[in-house]
Amino acid sequence: MTAVASAERLAGAGDRRVRPGAALAWTFLALVAVAALWPSLLAGHEPNAVDPAHALAGPGAGHPFGTDQLGRDVLSRIVYGTRASVTIGLGATAFAVVAGSVLSTLAALGGRAADELVMRTTDVFLAFPGLLLAMLVVAVLGGSTLNATLAIGMSSAPGFARLIRGQMLVIRESDYVQAARALGRRPLDVHLRHTLPNALPPVLVLATVQVGAAIIGGSSLSFLGLGPKPPTAEWGAMLAEGRSFLAADWAVAVFPGLALTATVVACNVAGRGLQRRFEGRRHVVR
Amino acid sequence: MSSAEPLLRVEDLQVAFHTPQGVVQAVRTVDFTVAPGECLAVVGESGSGKSVTARTLIGLPGPGARVRARRLTLDGEDLLGLSERRWREVRGGRIGFMPQDALSALDPLRKVGAEVAEGLRNHRPARRADVRAGVVELLRLARIPEPDLRARQYAHQLSGGLRQRAVLATALAAGPGLLVADEPTTALDVTVQARILDLLAARKAEGVAILLISHDLAVVGRLADRIAVMHDGVFVETGPTERILTEPAHPYTRRLLAAVPSAHAKGTRLSLEPPATPAKAPPPEVASGRVLEVSGLTKTFRTVGRRRRTAVEDVSFTLEAGETLGVLGESGSGKSTVARIVLGLLEPDAGSVALHGRPWSALREPARRPLRHRIQFVQQDPLASFDPRYTVERIVAEGLRDRPGPGRRRDRIADLLEQVGLDGALLDRRPAQLSGGQRQRVAIARALAPGPDVIVCDEPVSALDVSVQAQILDLFADLQRGLRVALLFISHDLGVIYHVSDRVIVMKGGRVVETGEAAEVFARPRHEHTRELLSALPELRDAGPAATSSPSPS
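From first to last, the protein sequence lines are chains A and B. Position 202, counted from 1, in the first sequence is what UniProt numbering calls 202; the numbers after and before it change by one each time, with no gaps. Position 538, counted from 1, in the second sequence is what UniProt numbering calls 538; the numbers after and before it change by one each time, with no gaps.
In short, the hints are calculated from the structure, not lab data. Among the hints, erroneous ones may be present.
Claimed, not checked - Derived coverage of chain A by chain B (criterion: at least 3 residues anywhere in the stretch with Cβ under 8 Å from a Cβ of chain B; other residues may be distant):
no.	stretch
1	169 to 177
2	183 to 190
3	194 to 203
Here the structure is a predicted model, which means the values were calculated and not measured. Just so it is clear, CB atoms sit at the ideal spot from N, CA and C, and this is done for glycine as well.
Kindly generate the complete structure, drawing on both the sequences and the hints.
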């Protein structure tokens with residue numbers, strides 16, 4: 001029996017070799033990271049350098065992705081726009097995970113009343129479309145990358161709170177939490193030492209997918225004019241501006257859209273890869 | 001035993017698994033035959049290759065397996081080169097398979113009748129009405145009461161015993177000549193186990209050849225005509241049941257037999273391990289007198305549909321310092337609920353637990369917390385009882401009451417590990433990197449760390465192989481002698497309870513049905529349930545001399 005089990009385990013280990021799709025996704029994400037940290041390495045032009053003589057030039061030798069209505073290099077603007085998207089994607093997700101952990105901790109430790117309060121509140125928040133909630137927040141706080149991050153983070157925090165609470169409910173019944181209780185550990189101690197750290201890993205996997213969703217959310221806000229102020233390069237804002245010139249030059253809107261799509265797909269593919277790996281490990285541990 | 005021409009002939013069977021990490025030879029070389037109406041039992045511990053052998057016979061050895069044999073024939077037909085198509089006819093049609101876990105063997109979304117009918121239809125085209133009648137007949141043959149009703153129920157609506165019978169009916173649906181049963185009774189209570197074994201014996205009497213795979217020598221003794229003892233992919237010894245159990249020739253067989261806890265082995269060491277030396281730990285705070293007094297415990301749980309189920313009713317007992325009280329009961333008898341109440345993890349509805357004559361269960365949690373170190377816990381599944389992220393050092397450190405500096409802490413924990421017979425080199429390992437026996441030792445070290453007066457052991461050896469179980473039982477005995485710690489020892493295994501206990505309580509349906517000195521209870525059981533348990537116990541017919549039957553000093 002054990003021999004069969006170990007053989008299956010080894011077969012599972014064989015699954016861990018990197019799939020070509022995942023390799024591609026990770027390579028692209030590395031490129032995105034470089035663009036976000038050191039945009040000048042990848043961009044050939046200043047993102048805001050106006051050159052009306054070459055407006056809407058279309059893809060060509062000097063401007064691989066063409067130029068926009070003001071003659072700004074689209075490729076450079078996409079590269080410089082990466083930082084805003086990545087900030088929103090990572091920042092909002094981090095905010096959501098932290099807020100979700102705090103909320104679910106309150107629910108777990110505060111007894112029945114606190115649990116009810118937190119969960120019913122999340123129900124209310126979950127009843128609104130996430131983007132609508134984010135728009136409300138930005139409308140109150142004003143448009144900027146930071147505020148967009150907060151807005152998207154707040155709109156996705158309730159989902160994480162629910163998920164983490166669900167994990168915690170399972171872990172709280174586990175033998176090792178019982179053993180820690182029997183050793184006389186305080187509830188907060190047990191929670192921080194065992195329950196929370198073991199509830200988080202599956203949530204972190206979901207978070208990688210959430211990064212992609214948050215990037216779309218951030219771009220949607222910009223598209224609606226609720227993101228960073230112009231002339232800051234941002235993918236959603238570029239899409240919105242390019243939309244008016246689609247008839248004259250398709251490249252202005254298509255390339256920012258492609259950048260957005262590719263980044264989100266890469267996030268999801270990489271996230272799925274992590275998930276598979278994580279579940280494999282879980283299997284071995286159990 | 002039958003002297004008929006063998007149905008199954010296996011010569012020099014080898015099964016290897018090809019993995020990225022290299023070749024694992026699960027079955028090295030195995031020869032056997034099974035004749036109609038005969039039962040051959042393959043006995044071994046986990047990892048011996050017995051299940052791989054069974055799965056190879058139904059053509060499902062597992063992914064990456066390479067099967068080789070000089071001969072592998074069923075009724076003259078070569079099984080080695082069978083096409084997948086022909087295998088589907090053989091599997092179920094000529095060889096029935098009965099797995100261990102009936103719940104996962106039955107489709108949760110299908111009714112039991114449909115499951116059995118599939119076995120029928122796959123091998124014998126028949127009309128609808130015939131199939132329905134056949135299903136009921138098969139269920140009746142498997143001695144399932146009210147077969148008409150049961151055929152229309154789902155697997156989860158059946159008890160463990162009925163489920164295993166339904167699986168048997170499925171395996172026998174197409175009337176195979178050979179039944180391969182892989183640990184068919186391991187997950188069952190002892191009384192249910194006895195009935196399943198009787199059922200298999202009845203099939204055998206009708207001429208079905210049975211290959212029984214088990215880790216339990218006692219179970220096998222009831223049914224098998226011949227026993228093959230498997231170790232490390234090889235049959236180390238094969239022979240008639242009677243001889244294997246009474247005059248084992250091979251040292252491994254002898255070790256296996258000696259490791260089985262039973263009446264004969266009481267007060268002796270079961271394993272060859274040297275005694276542990278629990279000298280360095282501080283003695284419990286109160287070394288004599290009554291440690292626990294439990295009176296009138298009652299606990300009910302809400303179940304589906306607002307009904308209430310009484311898990312424990314009016315349970316009372318006492319535990320003296322340094323003694324072992326065995327709690328014997330089948331699944332659902334309420335013994336684990338009692339454990340959780342004694343540990344203060346569950347509040348009783350009525351009744352109380354007193355620790356050293358002072359209230360315990362009545363305390364509020366903040367008042368109880370500083371006393372919790374006095375009652376510790378060893379659980380059934382050690383792996384689940386550890387935080388998977390923790391190293392051995394951190395796991396045991398959690399039990400320490402003070403917070404010593406890092407260097408000092410490491411020394412203390414190495415001492416504790418030494419007490420339970422573990423090497424200090426394991427400090428940085430994670431639970432998944434330990435063997436089952438090592439894990440349970442770590443769990444015991446953690447329980448000892450705060451210097452408890454009582455350790456509640458809930459089925460602490462049930463998940464272990466018999467030789468490892470023997471070592472752990474010996475360890476408990478050694479520790480108790482050195483530390484004078486009282487044990488509340490819960491188990492469904494009569495042999496284990498008999499071996500470890502000074503006094504025993506027998507539980508059934510949430511109530512204590514019998515209490516007394518262990519020897520007295522098992523020699524002259526007063527309650528019917530105790531008698532039933534005793535009679536269902538597959539007794540080793542006066543097992544051979546224990547490997548190390550030196551009387552214990554206590």
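Taking the hints in turn, this is what the structure says about them:
Under the rule that three or more residues need a Cβ within less than 8 Å of chain B, the assignment of the stretch 169 to 177 of chain A holds, with 3 such residues. Check on the stretch 183 to 190 of chain A: 4 of its residues sit with their Cβ under 8 Å from a Cβ of chain B, so the three-residue criterion for coverage holds. Requiring three or more residues with a Cβ within less than 8 Å of a Cβ of chain B, the coverage given for the stretch 194 to 203 of chain A holds, as 3 such residues are present.
In the structure shown, no violation is registered for any of the earlier numbered hints.
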